[in-house]
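There are 2 protein chains.
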Amino acid sequence: MTELVGNVLVGQSGGPTSVINASVAGIVTEALNHACIEEIYGGLNGVLGILQEELIDLASESQQQIRALRHTPGAALGTCRYKLKKQQDFERIIDVFKAHNIRYFFYLGGGDSQDTADKIAKLAQTQGYELRVIGVPKTIDNDLAVTDHCPGYGSVVKYLATAVREMACDNEAMGQGDLVSIIEAMGRSAGWIAAGSSLAKRRDHPHDPPHIILLPEMPFNQQKVLDEVRRILKRDRFCLIVVAEGLVDADGNYLAADAATDAFGHARLGGAGDALGEIIESNIPGVKVRVARPGLIQRSAAHCASKTDSDEAFLAGQAAVRAAIAGETDKMVTLVRGETDHYTCETGLVPLGDIANGVKKLPREWINEDGVSMNFQFLRYVQPLIQGEIVVPHDNGVPNYARLDRMAVDKSLPPYEV
Amino acid sequence: MTELVGNVLVGQSGGPTSVINASVAGIVTEALNHACIEEIYGGLNGVLGILQEELIDLASESQQQIRALRHTPGAALGTCRYKLKKQQDFERIIDVFKAHNIRYFFYLGGGDSQDTADKIAKLAQTQGYELRVIGVPKTIDNDLAVTDHCPGYGSVVKYLATAVREMACDNEAMGQGDLVSIIEAMGRSAGWIAAGSSLAKRRDHPHDPPHIILLPEMPFNQQKVLDEVRRILKRDRFCLIVVAEGLVDADGNYLAADAATDAFGHARLGGAGDALGEIIESNIPGVKVRVARPGLIQRSAAHCASKTDSDEAFLAGQAAVRAAIAGETDKMVTLVRGETDHYTCETGLVPLGDIANGVKKLPREWINEDGVSMNFQFLRYVQPLIQGEIVVPHDNGVPNYARLDRMAVDKSLPPYEV
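If you read the sequences in order, they're chains A and B.
If you're matching positions, the first sequence starts at 99 in our numbering and goes up one per residue.
If you're matching positions, the second sequence starts at 99 in our numbering and goes up one per residue.
Just so you know, the hints here were simulated from the structure itself, not pulled from any lab data.
This structure is a prediction, so every number in the text was calculated from the model and none was measured.
Among the hints, erroneous ones may be present.
Identical chains blur together in the list; that is why a pair holds if it fits in one copy or across any two.
[What the hints assert, rightly or not] No more than 25 Å apart at the CA atoms, straight line, and that leaves these computed lysine to any residue pairs for SDA-like:
#1 509 x 275
#2 322 x 228
#3 184 x 152
#4 184 x 384
#5 405 x 486
#6 322 x 162
#7 184 x 332
#8 405 x 492
#9 184 x 466
#10 183 x 386
#11 332 x 503
#12 459 x 435
#13 183 x 246
#14 386 x 180
#15 332 x 514
#16 459 x 152
#17 405 x 491
#18 183 x 512
#19 386 x 352
#20 332 x 243
#21 322 x 446
#22 332 x 505
#23 220 x 454
#24 332 x 152
#25 509 x 228
#26 459 x 481
Put together the whole structure using the sequences plus the hints.
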């Protein structure tokens with residue numbers, strides 16, 4: 099392997115998470131260790147900013163700010179849902195890379211973003227431009243193929259389990275046999291997030307809330323759910339339901355459909371909780387329904403992030419740099435769980451093509467027979483991912499998050515229309 | 099003053115907060131210091147359980163659990179929104195007190211609850227039954243008269259400011275001039291909570307989110323708000339709005355009316371955020387609106403409670419016991435802010451009649467001229483209330499909250515129909 103001398107470019111893509119910035123911190127920290135890396139640039143707003151040659155100098159940021167990225171939510175470089183459409187877009191990306199001697203490209207994102215990275219890697223190869231492309235997984239949805247789990251997932255689940263446990267204290271105090279409380283969880287096509295809320299239950303207390311979890315994997319059976327709600331109201335005087343936003347009926351229609359779709363053709367949802375609430379209120383007389391829809395709050399709640407998740411996100415960033423330096427390209431870092439009972443996690447590498455647009459489904463055999471709760475196999479899987487708390491510094495009573503200086507790198511190419 | 103020997107009864111009423119249990123801890127802790135207090139009972143579900151003679155022995159709870167109440171959300175004794183309707187109800191309460199030699203009654207709640215406490219105190223007096231009744235303020239709404247602020251308010255505001263600051267990181271990363279993010283805050287008739295979200299702004303950064311705060315005090319001016327949204331989208335590429343659930347239009351109609359009302363005749367709301375979102379989406383072409391409605395999550399987020407708030411709630415409980423021991427009755431504990439620049443807080447006492455059903459309005463002169471942001475006078479008022487963080491013990495990655503044994507006190511009266 100020849101040593102490849104050149105510059106690093108990092109980009110963030112897709113929806114932010116509580117820990118995607120931790121991966122940037124891992125990349126920058128590790129990149130500084132390697133003499134063959136000359137400059138460390140960030141691309142603003144994912145490929146959108148890269149197309150427009152909007153690069154910033156990450157090496158000039160203070161160490162303090164880079165360290166603070168480890169607990170800062172959002173995406174400090176900005177992100178996008180822009181899909182590279184035409185061949186011309188891809189060629190422009192390579193032109194920008196050539197103009198700034200980018201030899202190492204790290205792209206943080208979910209399935210669509212890894213697909214983009216894959217295409218960029220292959221085009222560079224075709225053009226004979228030596229470039230090492232390593233993807234870093236990121237998604238609260240936990241639906242990337244191959245990797246055991248995705249950075250971002252543990253933190254959203256920790257937030258949701260915390261919210262459920264706290265909401266349960268509130269609801270239990272209020273419940274007089276008539277209170278149904280619904281929390282709408284994110285989760286477009288898979289129930290990973292909603293399922294994770296079962297961590298709110300104490301060990302060996304299967305009756306603890308959430309009493310009912312409604313997953314996109316299990317078509318909504320109105321009569322069965324209403325019966326279950328009645329049974330739980332009788333038993334516990336309140337009923338706490340977690341519903342995934344992507345809940346569908348027996349015909350595969352969203353319980354709450356919203357005509358809007360994003361740039362990748364995915365339905366944009368919202369309102370499954372309200373729709374469910376209306377069904378319950380109109381079918382169970384005298385019941386009071388309260389619906390909470392934390393929405394984007396759940397994926398940005400860094401003050402409640404999982405330390406395990408944050409540390410693994412950092413590790414994945416470091417691993418990406420090491421892999422690239424070692425000559426790897428067109429790969430994505432994966433998280434690999436150890437075989438032992440005691441949870442351990444290492445990083446691995448897989449071809450980007452294995453990831454791109456693949457989807458990891460929540461295993462059917464991890465859902466209990468009742469269809470509305472999770473079994474010990476799921477709990478054994480998810481429990482380690484939320485361990486440990488992050489201590490976020492506070493300023494005047496509110497978390498204090500990193501804010502990059504974003505020193506712009508001079509442009510050298512003509513403007514490009516996107 | 100004669101020493102009054104007898105038992106204590108504590109009850110919780112109305113909506114739970116993150117710190118109402120801290121007041122119970124304060125009462126129990128202080129009551130143990132006084133030899134004239136023989137038993138310390140809790141009434142389950144406020145007056146509802148007291149009517150039904152459902153008392154538990156708080157002195158038999160472990161010290162560990164009582165200490166843990168200081169960081170446990172919900173209402174550990176249960177609560178109710180039941181309004182004592184008929185004279186017979188009030189007389190039954192006194193009968194229960196007599197049956198259990200209750201001589202000290204501490205009632206934790208908002209305006210309606212303090213009204214109930216006032217009536218109980220007066221009836222006992224009429225009957226010549228020696229009873230000391232002290233109310234302890236509690237409400238996230240911060241709308242009780244006389245007291246400088248209410249336990250529970252600081253924590254909900256700290257939660258909301260945290261959520262706004264985190265959401266801003268997320269939105270800023272996503273914003274491409276088209277993203278409007280709405281957080282619906284609780285607040286039925288007053289904008290105290292929504293206004294408090296302005297604490298998310300950094301000092302001397304008036305353009306920080308929340309960009310727009312819509313208060314129930316300021317009738318919704320659609321054109322003005324739409325203009326403001328357009329202006330902010332241009333300036334910041336995203337626009338974060340906090341809207342109080344009780345937002346009204348120029349005619350005083352709720353933006354999102356829900357026919358349901360609670361036992362006290364208050365409208366039960368929900369949906370101001372969605373209603374606003376629809377207005378924005380249908381008037382500003384191409385804009386994407388995301389609405390978060392944390393709902394009850396915001397008042398139960400004890401993992402994000404204000405230490406100042408929790409400590410003051412505990413202090414208010416202690417002060418209630420000391421006042422009763424000193425011979426006071428038919429009073430409520432208030433929080434009294436010191437006159438100095440450096441924030442200090444002591445407790446005071448006011449007649450319950452001064453509180454009952456009074457409402458403290460958000461001063462109009464604390465709202466900026468633009469009508470959608472708060473000025474330095476409000477910030478000076480609210481800033482101290484969110485200072486300090488609570489360290490909540492975690493069990494397996496999720497907060498570990500108190501759970502009372504609830505050892506029942508033997509009933510001695512015939513059953514009572516409510």
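Going through the hints against the structure:
{"no.": "1", "hint": "509 x 275", "in the structure": "between (65 Å within a copy, 23 Å between copies)"}
{"no.": "2", "hint": "322 x 228", "in the structure": "neither (58 Å within a copy, 54 Å between copies)"}
{"no.": "3", "hint": "184 x 152", "in the structure": "within (20 Å within a copy, 71 Å between copies)"}
{"no.": "4", "hint": "184 x 384", "in the structure": "between (57 Å within a copy, 23 Å between copies)"}
{"no.": "5", "hint": "405 x 486", "in the structure": "both (5 Å within a copy, 21 Å between copies)"}
{"no.": "6", "hint": "322 x 162", "in the structure": "neither (54 Å within a copy, 41 Å between copies)"}
{"no.": "7", "hint": "184 x 332", "in the structure": "neither (59 Å within a copy, 28 Å between copies)"}
{"no.": "8", "hint": "405 x 492", "in the structure": "both (17 Å within a copy, 13 Å between copies)"}
{"no.": "9", "hint": "184 x 466", "in the structure": "neither (45 Å within a copy, 49 Å between copies)"}
{"no.": "10", "hint": "183 x 386", "in the structure": "between (48 Å within a copy, 21 Å between copies)"}
{"no.": "11", "hint": "332 x 503", "in the structure": "between (57 Å within a copy, 21 Å between copies)"}
{"no.": "12", "hint": "459 x 435", "in the structure": "within (17 Å within a copy, 56 Å between copies)"}
{"no.": "13", "hint": "183 x 246", "in the structure": "neither (30 Å within a copy, 59 Å between copies)"}
{"no.": "14", "hint": "386 x 180", "in the structure": "between (42 Å within a copy, 15 Å between copies)"}
{"no.": "15", "hint": "332 x 514", "in the structure": "between (64 Å within a copy, 21 Å between copies)"}
{"no.": "16", "hint": "459 x 152", "in the structure": "neither (36 Å within a copy, 49 Å between copies)"}
{"no.": "17", "hint": "405 x 491", "in the structure": "both (14 Å within a copy, 15 Å between copies)"}
{"no.": "18", "hint": "183 x 512", "in the structure": "within (20 Å within a copy, 77 Å between copies)"}
{"no.": "19", "hint": "386 x 352", "in the structure": "both (24 Å within a copy, 20 Å between copies)"}
{"no.": "20", "hint": "332 x 243", "in the structure": "neither (42 Å within a copy, 39 Å between copies)"}
{"no.": "21", "hint": "322 x 446", "in the structure": "neither (43 Å within a copy, 54 Å between copies)"}
{"no.": "22", "hint": "332 x 505", "in the structure": "between (61 Å within a copy, 22 Å between copies)"}
{"no.": "23", "hint": "220 x 454", "in the structure": "within (13 Å within a copy, 73 Å between copies)"}
{"no.": "24", "hint": "332 x 152", "in the structure": "between (59 Å within a copy, 19 Å between copies)"}
{"no.": "25", "hint": "509 x 228", "in the structure": "within (21 Å within a copy, 83 Å between copies)"}
{"no.": "26", "hint": "459 x 481", "in the structure": "within (18 Å within a copy, 46 Å between copies)"}
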